[in-house]
Structures are given as C-alpha cells and as structure tokens.
Amino acid sequence: MTGRGGRTIKVDTLARVEGEGALYIKMSGERVSDVKLRIYEPPRLFEAFLRGRHYSEAPDITARICGICPIAYQMSAIHAIERALAIKISPEVRLLRRLFYCGEWIESHALHIYMLHAPDFLGYQDVIELAKDHGPVVEKALRLKKIGNSIVHLLGGREIHPISAAVGGFHKVPSKRQLKELVSDLEWALETSLETVRWTSTLDFPHFEQDYEFVALRHPEEYPFNEGRLVSNRGLDIDAAEYEDRFVEFHVKHSNALQSIVRGRGSYLVGPLARFNLNFDKLPEVAQKVAAEVDLKPPVKNLFRSITVRAVELVFACAEALRVIGEYEPPAEPRVAPPNRRGVGQAITEAPRGILYHRYAIDDNGLIVSAKIVPPTSQNQKRIEDDLREFAAQLAAWSLEEATWKCEQAVRCYDPCISCATHFLKVVVERE
Amino acid sequence: MLILGCGNRQRGDDAAGILAVERLRALGIAAEVCAGEPSALMEAWSGVDRADDVIVIDAVVTGAPVGTVHVWDGQRLPAFATATGSTHGFGVAQAIELARVLDRLPACLRVYGIEGKRFEIGSEVSPEVEQAVEEVVQRIAGEAKVRPEKSHDG
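In the order they appear, the protein sequences are chains X and V.
Position 69 of the first sequence, counting from 1, maps to 69 under the working numbering, and the rest follow consecutively.
Position 27 of the second sequence, counting from 1, maps to 27 under the working numbering, and the rest follow consecutively.
So here's chain V without its partners, still in its complex pose (with noise of 0.2 Å):
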C-alpha cells in the first residue's frame, strides 16, 4: 500500500494530509507527503517500485459539514471534485482525473477527502479536521495491520 498526503501546513485546514502522514508515520506505518500535482502524483504510484494499491489523502470542499470524511474510488470521482480550485494550483481530483484520461492510475486508488473549511495562510487547523485526520489514521492502520506486506517504504 502507498500511502500519499497532499497539502499544505501553512494553510490551515490545508495541512490535514500532511498530519495524517505524521501521524501514520509515528505509528510506524509509512507513508509520503506528496506535492499533489499531476506529475508528483503519477511519479509517486507509477515510479521503480510500482504502486497497485494506493491512497491520497487530501483537504476537500464539497459543502459539506466542516470534517466529514469523504472515501471515493479514484476511479469514480464525482464530478464536483474536478473543479478547479486548490491552494497548490493543479487540484488532487484534476492530477487523479488526468491520470485516468492518460491511462495512469493505479490498480487501486483510494482518496479520502477531508472537509475542511480555513484556508487562509496561518490559520490554525480546525477542531474537526484534527479529529477527522484521527479518524483517517485509525481507518488505514487498521487496514494496514491486516495487509502489512503491501506497504511501500516512502
């Protein structure tokens, strides 16, 4: 399994994929901070050591309640999640879509899109996000304990 979190931590509610990587990581399982572009992205799944089970991990705003845990396949994003907007420029849901048009996803692909709902730089990350990302972390340690054998050493 490779495990990808895409953000930023100088943008509030933006860090959330960067501290489900810590927090991963400090649990020992592995996982990457990941630029979040389409080439970063492509690279990461697709590189020596070919990636078939994935996950991104991403701030998202659907309108949603402020720290619902969105879980989409990667093959089927909805529609809302291509639109433009992201704080990196090339949104996650545009780099995956891109990926699929160009018939390079992997295998599997997972995103857990974490609502969020302060972006402005500095601000600090929201009590619901925190506990989504929690919440995130326990999904995939779980799932990593019943799989450890997948997991790709970022």
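Okay, chain X solo, but in the shape it has when bound (with noise of 0.2 Å):
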C-alpha cells in the first residue's frame, strides 16, 4: 500500500532487539494519529524480590535483569547501597569498577553496532545474511565481544551473572599480570574501533533530527560511568538523590513497563547521543580526534548517527581499559566489610544504553525494605513514541514495507534493551 490513503504499519514482532517488544503506528495519509509503543512486563518484579532480603544479595539478584548489561545493574546498586551505609571504597576499587564497565560497555556496543544496527543500513535482514557477504566483518564484531567479554570474566568470576562484585568492593581482584595479559587483545580492540567509527560514518543515514532533551551524567574529570551529576541540554544539574523530584514515571494502558517525562516538560533521551552531547570534552583525544575526522562533533541530533557515537565510544572504552590497567595497583583491602545499619541511597550509573537509577531503603538489619529501579529502556520509551510519530510522518509516501523497515530501524538506533524495560516487543504500524 501507498500513497495518501491511511494505513497500518504494524511489526509483530520487533527483530534485533534485546528481549521481544511491540510498536504500534496508525496513520492517516500523512497524519500519524497515534503511535504506541507496548512493552509487555510483569511489572516490577525484581523490585519486589529484593525487598526482605539483604542488601549483600542485591547485586546478584538485579545482575539477573538483564543478560547483556550485567554490569550496570550491579553497579547502580552498589553505588546505591553503598551510599545509604556511607561507606567509601579506595580508589583502585574505583579504578577497577571503571574497567568493569569498559568491558560491558565494548561487549554490548560491539553487539549492537555489528549484529543488531549494521544490517539495517546495509540492507540485511539479520547478521546471519549479513555475515554470508561480509564474514570478516562478523568476525571482527565476535573478537570484540568476547574481548569485551574477558574483562567481564576476569573482574566478575564469570561473564553472565558476575559474582565478584560486591557492596564495598569486589570478592576478589585480579592482579597486575592478570589485568596485562588483556593487553593485547585491547590494542587490537582500539584499532578496530577506530575502524568501526570510520565505517559506519560511510552509512547511508536517514535525515531526522529532533530537538531533545539530552540526559546523561556529567563528572567534572572523567567520561561518566559510575559517579557525576546528572545533566541536560536544557539545564538540568542534579544529585542523583533528586532524581525521583524531576523525572515522573507514570502507567500507560498500553504497556507493562513505565515511562518516564521531565517533570513539567515531557520526554527526554539518554544513552550514547545524550553522553556524546554533554561530554565530549571528556572523551580521551583518540575519541575526540576520530570523531572530528568522521565529522561527528556535538550535538548530535540526528539519531542515525547513534550508530557511529556508539563506536566512538566503543574507542573510549578500549582506550579507557588500556589507561586503567597501566595504571592498576591492587587495592590493599579488596573489600571493606560494610556495617548493617539503616539508611536510604540513590545512584545513577550509565549502563551501555543510558542512565540506570537505583534507590534502596535498608532496615538495621542489613534487610532491604524498598527498592526502585529504573532502566534507560523505560526512560527512553516516550522518546521513542515521540520520535516515530515524527518520523512516520516522513514515511508517507514509502512502500508499507519499506516505512515498517524504516521505523523498525528508528527504534533499534535507541538499542532498546526490553529484557530490562520488560520481556516482548512486537512492532505493529497501521495505515487506514
């Protein structure tokens, strides 16, 4: 179907996204009329099976969430937990939680810019059509991923799951032998990111541009993981403590998960763009100066181009690991035992998709009393709708196949992660 008549874009199923979802699109010539973007979750069970137990066991039950970005989960209840109980951890444990994060960060965009995105803007219908052309190239993504993977299980005893990180810090560290034994593989990692910037830079990326509130956090002397303030294009500088004060979750009919608005304003992006825009001044120079000879400088505003942000911060993580390891010294206490004690934290944490927040009430027996999470997934949900309803739009007078292909595209550039926002997406657009 063509033309100006109305019609129905609809995908069952949405491919190529962590986990199943569902996106819904009714147009009426060239008029979107409605747009929904369902996520179908039992909704917030992990909350509710943190809440009795000890606060020791939170970050292996919220690893859980999510298979690809382990990581952040435990990294975001750390932090949280960690700040109710006021303990502080020494600086090489911090160091260490950096590179934790490097290697979610490499394994997670090495995924999607090759096996997820990629196919999209050349064509395929998956990384398995693409990979009967382009073998190399898939190969290239697999050793990048399993690089990324290596710090995982080295740092967290294993790759899905990680046990080693703890409240206080880690079970166990690696020592310095360990840590130069990845060396190599990350130098080799760091040429073919480099490469990959410059690759999908040659993309044929779609003209769509929005003006986005970006959302992301901001440290004073480093590109954000797990510490910062959180930042917006439009003025926004908070604590993580007032996150729950300015961004609003609320219940839509036609999805599981929550979505989430500035308070006062309405949807706001976070993720790799959202990063790039508020912190490219912190991005080493290998990052800053692949992405000036690519063009890519901010703000970035069309989100095609996630793609290649995505691998500049793919250079990031790579050089970021190299730099931790130089300069690596195990901690003389590789945990501090933290007390049982009541107390109420926050923490933000920017897993590979955006920001991750987190928020525990803890009894004086160590017992966890509440918990709150929100995904980036969830976070970017009302983003997404509002993106399609914009870009469909555009679509009007493309094939009914082609503008499905195409919004199926639009979303994917949010990397969405459903297994954390919630288990099953299907994209449905209508035209009538």
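It should be emphasised that the hints constitute simulated quantities derived from the structure, not laboratory data.
For glycine and all other residues, C-beta sits at the position ideal for the given N, C-alpha and C.
Among these hints, one or two may not hold up.
Stated by the list, open to error - The list that follows gives simulated cross-link-like pairs (lysine-lysine, DSS-like), each with its CA atoms no further than 30 Å apart:
id, chain 1, residue 1, chain 2, residue 2
1, X, Lys282, X, Lys140
2, X, Lys301, X, Lys289
3, X, Lys301, X, Lys382
4, X, Lys253, X, Lys36
5, X, Lys36, X, Lys372
6, X, Lys88, X, Lys176
7, X, Lys36, V, Lys117
8, V, Lys117, X, Lys253
9, X, Lys372, V, Lys117
Unchecked claim - To spell it out: a stretch of chain V is covered by chain X in this simulated footprint if at least three of its residues, at any positions, have a beta carbon under 8 Å from a beta carbon of chain X; those stretches are:
id, stretch
10, 4-15
11, 91-104
Quick one: dock chain against chain with the hints and give me the complex.
Here it is, written out as structure tokens:
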C-alpha cells in the first residue's frame, strides 16, 4: 500500500532488540494518528524480589535482570547501597569498577553496532544474512565482543551474572599480571574500534533530527560511568538523590513498563547520544580525534548517527581499559566490610543504553525495605514514541514494507534492552 | 562431549537449560552454563580444547505441547528455530546459524529444545518442563556413561 490513503504499519515482532516488544503506528495520509510502544512485562517484579533480602544479595539478584548489561545493574545497586550505608571505597576499587564497565560497554556496543544495527543500514534482514556476504566483518565483531566478555569474566568471576562485584568492593581482585594479559587484545580492539567509527560514518543516514532533551551523568574529570551529577542540555543539574523529584514515572495502558518524563517538560533521551553531547570534552584525545575525522561533533541530533556515536564510545572504552590497566595497583583490601545499618541511598550509573537509577531503603538489620529501579529503556520509551510520531509522517509516500523497515530501524537506534524494560516488544504500524 | 545449558533462572521455563546443567553435574557429568549468544557459544566449543561433539540445551517455543523434548541436528535446524524471539537478545538458534555461516560449527552438534510456556520474570518452572529436563538429563547421562572418555571438563 502506498500513497495518500490511511495505513497501518504493523510489525508483530521487533527483530534485533534485546528481548521482544511491540510497536504500533496508525496513519491517515501523512498524519500519524497514534503511536504506541507496547512493552509487556510483569511490572516491577525484581523490585518485589529485593524486599526483605539482605542488601549484600542485591548485586546478585539485579544482575539477572539483563543478560547484556548485568554490570550496569550491579554498579547502580552497589553505589546506591554504599551511599545508604555511608561506605567509602578505595581509589583502586574505583578504578577497577571503571574497568568492569569498560568490559560491558565493549561487548554491548560491539553486539549492537555490528549484529543488531548494521544489517539495517546495509539492507540485510539480520546478521546471519550479513555474515554470508561479509564474514570477516562479523568475525571482527565477535572478537570485540569476546574481548569485552574477557574483562567481565576476569573481574566478575564469570561473564553471565558476574559474582565478584560486591557492596564495599570485590570479593576477589585480579593481579597486575592478569590484567596485563588483556593488553594485546585491547590494543587490537582499539584499532578495530577506530575502524568501526570510520566505517559506520560511511553508512547512509536518513535525515531525521529532533530537538531532544539529552540527559546523562557528568563528572568534572572523566567520561562518566559510575559517578557524576545528572545534567541535561536544558539546564538540569542535580544529584541522584533528587532524581525522583525531577522525573516522573507513569503507567500507560498499552505498556506494562512505565514511561518517564522530565517533570513539567516531557520526554527525554538517554544513552550514547546524550553522553556524547554532554561530555564530549571528557573523551580521551584518541576518541575526540576520530570523531572530528568523521565530522561528528556535538550536538549530534540525528538519531541514526547513534551507530557512529556508539563506535566512538567503543574507542573510549578500549582506551580507558588500557589506561586503567596501565595504572592499576591491587587494593590493600579488595572489599571493606559494610555495616548493617539503616539508610536510604540512590545512585545513577551509565549503562550502555543510558542512565540506570536505583534507590534502596535498608533497615537496621541490613534488609531491603524497598527498592526502585528505573532502566534506561523505560526512560527512552516516550521519546521513541515521540520520534516515531514525527518520523513515520515523513514516510507517508514510502511503501508499507519500506516504511515498516525504517520504523524498526529507528527503534533500534535506541538499542532498546527490552528484557530490562520489559519482556516482549512487537512492532505494528497500521495505515488506514 | 561438551554440554552447554542456556537460559535465565529468573524467567520460569527459560531456566530449563540451567537446571539440566545442575542435574548433570550432580550426576558427575561435566556441563557448563553458557550465555547462549554467538561469541560465547563459539568460544565454548572452539576454544583451547576444541570440542567436536557438542550438546546445547535450551528452552524453546515452537507451538508444540509444553514439555515436548525436541532434538535437532545443529547442522540442520528447522527454519522456525532461527526466528527472532529470545529472552537473551540473540537466540541460541540464531547463534548456531551464524556459526554455521561462518563455518565455525563443531563436527557434531545436537540441540535439545525443551518446549516452554511460561517466561515471565519470577514465574515458576512448569511441571511439564521440570519433567522434560529430567528426561533430557537421563538421555544425556545414558550417553555419557557409554562414552565417558570424551567428557569436556567445564
């Protein structure tokens, strides 16, 4: 179906996202009359699991929320609980935690860029089809992912549901020699990441720019992972403790995952685009230089260029991992023994897909009284709907099949982690 | 023999692969939990001790009755098995198909797919799936007893 009549673009199962979900768009001519991002999830069950458990279990429990970003959940949980208990960690542990996050960013970004998003730009149905024509490209991606996994495995004890990260530090830390064994792979990964930036910059990007409110952490000295104030390009500048004062979660009928807005404003965007635009000056020189080489400079407002921004963050993560390994000294104590005491703590860390907020209230026995977890994909949901409302209108003259493909591609720009925000996503666009 | 179980213990029937690994280990048979995504799978069977005889166990949804045990040749997975839809982003079937395209499959790969129905966070494992896990464990254990020398230490 083409042309000026109404139509429905319907994609029952959105492919190449983590988990599953549903997107529904209804159009009358060039007008989008309805957009619904349907994400089906038993609401907030992990928050319920955490109630009554000892805080020391939170890293293990929350790591199971997501198979691709377990470290993000562990880091947000640990930092929130450490704040509640007024625990200070050593500089060495702080550095190790940055390295831990580097591992996750490398494996998550490599997976998304090459296996989930690149097929869109190259006209392939999926990475399997891509691999038939471009095997070496996919092999490179697998090796990048493996290198990220190896960092996670070394620091976390295993790749899936890591077990070593704990409130107060790590149960076990690597030796300098063990970390040095990662260096040659990381040097290869850095070079490959630079190639990835250059390669992705040659892709054909639809022209689609919006006036986003970008929200990310900002730290005075470094590109953010675990620490910083929460800022935006519209003047937001708050501590994590103020998050729930400034951001509102609400339930929409068509989705079991909650949506978020900036109080008094509207939808906002978290993730690589936000981080890049708000923290470009904190990227290491190698990342800034390659971004300039491909004419990528803030503010980047074209959603589709997020694939190149992710590649720049891949460069950053590899460079940062090498820097940390070069400076690392094992801590005198891998973990400080945390007390059992009452407290409330909040933390925001930068998951690969954007800010991840945790809050815990803990009683005198160290048991969790309440927990709140706001994943980045939940926060991006409203923004995805707003984007599609505008983007789908531009596709009115396209065939239904092509318009559907483009809408899916737009959703994938967000690298939505549906198993964090929810469980199932299906994409449906209707033209009437 | 290298035995890999994939899944997520928090998502009901998706725990099937992990439960199978635990029960095999309890019987003294080496088995590993695997993330189930492409690089993890390929690394597991093409690492330092290259494995030529590999079994992967995972929950599946094909429309068959819950608890059905499917056994597929990894070289010839059915078309529906490569459709999207996975609780860990990249389905095991897709990962295997990618390995095939890249010529990185082991010489012998069998996939035990246990039909599930319940995948919500925090849901219990269905009784039919529990039973199917036991069936798969007994089948593999029987085979391992006949061919113990190839067991891959996980």
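To see whether the hints hold, each was checked on the structure:
1. Lys282/X - Lys140/X: 28 Å, holds
2. Lys301/X - Lys289/X: Roughly 20 Å separates the two Cα atoms, so the pair holds.
3. Lys301/X - Lys382/X: Since the Cα atoms of Lys301/X and Lys382/X sit roughly 17 Å apart, the hinted pair holds (cutoff 30 Å).
4. Lys253/X - Lys36/X: 10 Å, holds
5. Lys36/X - Lys372/X: Holds, at roughly 25 Å.
6. Lys88/X - Lys176/X: With Cα atoms ~23 Å apart, Lys88/X and Lys176/X stay inside 30 Å; holds.
7. Lys36/X - Lys117/V: Given that 30 Å is the threshold and the Cα spacing comes to 26 Å, the pair holds.
8. Lys117/V - Lys253/X: Given pair Lys117/V, Lys253/X holds - Cα atoms ~24 Å apart, limit 30 Å.
9. Lys372/X - Lys117/V: Holds, at roughly 29 Å.
10. 4-15: holds (count 4)
11. 91-104: With 5 residues close enough to chain X, the hint holds.
Hint check: no violations occur; every hint is consistent with the structure.
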